[in-house]
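Let's have the full structure, built from the sequences with the hints guiding it.
So the protein lines, in turn, are chains V and H.
Start counting the first sequence at 1; every next residue gets the next number (my numbering).
Start counting the second sequence at 1; every next residue gets the next number (my numbering).
These aren't lab readings, by the way, just hints derived from the structure by calculation.
Do not rely on the hints blindly, as some may be mistaken.
[Stated by the list, open to error] Restraint ranges, calculated between C-beta atoms of paired labels, are given here:
(1) H:R125 x V:R175: 33 to 41 Å
(2) V:P214 x H:G82: 30 to 38 Å
(3) H:G129 x V:R74: 40 to 48 Å
(4) V:P214 x H:V133: 25 to 33 Å
(5) V:G284 x H:D108: 35 to 43 Å
(6) H:F265 x V:R285: 29 to 37 Å
(7) V:R78 x H:W157: 50 to 58 Å
(8) V:N231 x H:D108: 43 to 51 Å
(9) V:G284 x H:V63: 41 to 49 Å
Glycine is no exception: its CB is placed at the ideal position from the N, C-alpha and C atoms.
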Amino acid sequence: MRAVWVPLVVVSLLGLASWGAAGPATCPLGVPVMRLGVQGAASGAHADYGRQIEMGAQLAIEEINAAGGILGCRLEMRFMDEELRPATAVRNARFLVTEWGAHFLYGVDSSGSAMALGPVLRELDRVHFFTHAATHRLTEELVAQQGIRQIVRVSAPVYQDAVAAWLFRDMRNVRRWATIGADYEYGYAAWALFREQMRRFRPDVQFVGAAWAPFLTQDFSSHIAAVMATNPDGIFATPWAGEAVTLLRQALLQGVFDRVQVWFQAMGGSVDVLEGIAQEVREGRFRGKLYATARYIHNWPNTEQNRSFVSRFAKRWNRMPNYSAETTYSAVYITKAAVERARSLRTDRVVDALRGLRIETPAGVRVFRAEDQQFVYAVPAGKVVADPRYPIPVLGELKVFDPREYWRWPPFQPLDLSK
Amino acid sequence: MEVLAYQGLIGLSSAMYLWLISAGLTIIFGVLGVLNFAHGSLFMLGGYLAYTLYGLVGLPFSVSVLGSMAAVALLGAAMERGFLRPLYGLDPSYQLLLTFGFVLLLDDAVKLVWGGVFRIPPIPRWLDGAVVVFGRPFPLYNVFLIAVGLVVGLGLWGLFDRTWWGRSVRATAADREMAAALGIPTPRVFSSVFMLGSALAALGGALGTPVRPVAPGIGAAMIVQAFIITVIGGLGNLRGAFAGSLLVGVLSSYGTLWFPEFELFFVFAIMAVVLLVRPQGLFAS
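Here is the structure:
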């Protein structure tokens, strides 16, 4: 009997000893590795945004790890498809935090997903850096009013679309405006902000027509025809991603650019849209009337940091970075700055460390606004043009405006979202 | 008046596009009794194949469209013979589950092959232009859609009403056992009908590629509209599908013009009104 037990005990002890020796080592922050959970739309007409979110995060992580990590801690990432569905985004976030062990969260593309995630983040107690979802309510309601401190937004919200009012205020021949809007909150908010600002500058301007296209619309021809029946001088359009390409292609077929003076495609400065209309831009089909903005534009600002970022991104992924790539890339570096300040992964300490943060990013200087935990920065608007220095069209004749002029500032008044 | 006429014409082209997709769905349901959830995925696959043949390989657009139809028809035959056929005698819920499984499978398959990002080729030169109608440029592409829709409608009418194959199909749809007893090879009829329906789905997807990007999941949005049209027209009735397409396409177009605030709900309102008046649809089977 003794002969049986002795080897068993010896083997068990040896096993325990070797487990202890090979147990997970911890970095100075007390974890084996810093885990970043990332989400974005990875399927459908809007899929490039999720892919770009993933590429931006991956590039930042590779760079930071190559330079020794954050306070000696290596970073690890897991990307999940949010499918532009709030329920999926919430399920993913719960999985990333409770099962996979994410210390920070990044993404998402859909405003609906962002609003659904907000209250859950308080429960999960993880900082979520929002890098695309644009609804003003995320920061105005969930942060400034309800005090959900786990929400931090790095990307420009829907306020950015109001830049169109500044862009066109001096074009006296553009008096009659119509919208082909996304038939959900983003479209209503963007149109409301634009009208509000334009009315301030130009009392002579008229808003003559509106057509609203539901999410995932594939045929915009009736919307274009309805709006053109009102003889607008300018069109303000908010469908984005593949839908923006569809809309512009179909507008060309109806000869819209022979009849209007300007067309503002709100997120038309995004790489996927510019790729989708590259041939038409090269052929001059838009007659120099297509204007756009985005939440970052790869050919601005003309700084060493941005040029280097674009070059490294293009070398790594063989694509130009769109705004969701830049915002996520910058969000990872913002995480680094905050964690290095806080010297902790605790949510309250990291959020405290963001206060007063002013950080150089590829998009320019970002300044943390504590009231709504929104990073403020300027993004220009301009004309969509071909540029031989780039493989795809860029925004040219850029105009940069101070975000203090056209962003909303606390204390926030409710925004009229009526159509 | 010209505004109304132009908007109606735009609605007509939308209707013809919807007709191409709902026709295939209707034929398959009318003959096989299968509500094919995967119809939207076959539509998507047709788009991807046409994009590949036309946009990447460089074949003429018309050849690419025909090629994608042929390929999807073959896939349809394989689906019918390999998977659906064993389920014909069982509860219809098995068919629904199976075709829904194909939706998931095909959506993931196109992601694996073409990636998650949307694709759009240039518009063929011969479709890139406009004719002036009611004082406004009307796209040649939309004229082409209307023509194709009408040709397909006439072709289907001729096929079902004027050919032996069509009579076999109608006989099989009316009474499978009797048709089989009369010597009609009903399994072959089923396969050929499923192939035809699949080819029509691919035709819709392929024709859309120059102006509608193809992306994983685009079939899901389209299948909802196709289902609404088949319900409005009367499940399984081809004339009903044509009338339903016209109703949805043209009225939706006017809805966009007159009631833009109700865009989201308009198609469903049309369906609700039709079903309130005629619960069996416009043309009952």
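Hints and how they fare:
1. Restraint check, R125 (chain H) to R175 (chain V): a C-beta distance of roughly 36 Å satisfies the suggested window 33 to 41 Å.
2. Under the hint 30 to 38 Å, the C-beta atoms of P214 (chain V) and G82 (chain H), about 36 Å apart, fit the expected range.
3. Checked against the given bound of 40 to 48 Å, the beta carbons of G129 (chain H) and R74 (chain V), roughly 57 Å apart, lie outside it.
4. A hinted range of 25 to 33 Å holds for the C-beta pair P214 (chain V) and V133 (chain H), which are about 27 Å apart.
5. Separation of G284 (chain V) from D108 (chain H) is about 40 Å and conforms to the stated range, judged on CB atoms against 35 to 43 Å.
6. Taking 29 to 37 Å as the suggested C-beta distance range, the pair F265 (chain H) and R285 (chain V) conforms, at roughly 35 Å.
7. For the pair R78 (chain V) and W157 (chain H), the beta carbons lie near 55 Å from each other, so the given range of 50 to 58 Å is met.
8. The hinted window of 43 to 51 Å between N231 (chain V) and D108 (chain H) holds, with their beta carbons roughly 47 Å apart.
9. The supplied range of 41 to 49 Å is broken by G284 (chain V) and V63 (chain H), whose beta-carbon atoms lie about 30 Å from each other.
Checked against the numbered hints given earlier, the structure breaks hints 3 and 9 and satisfies all the rest.
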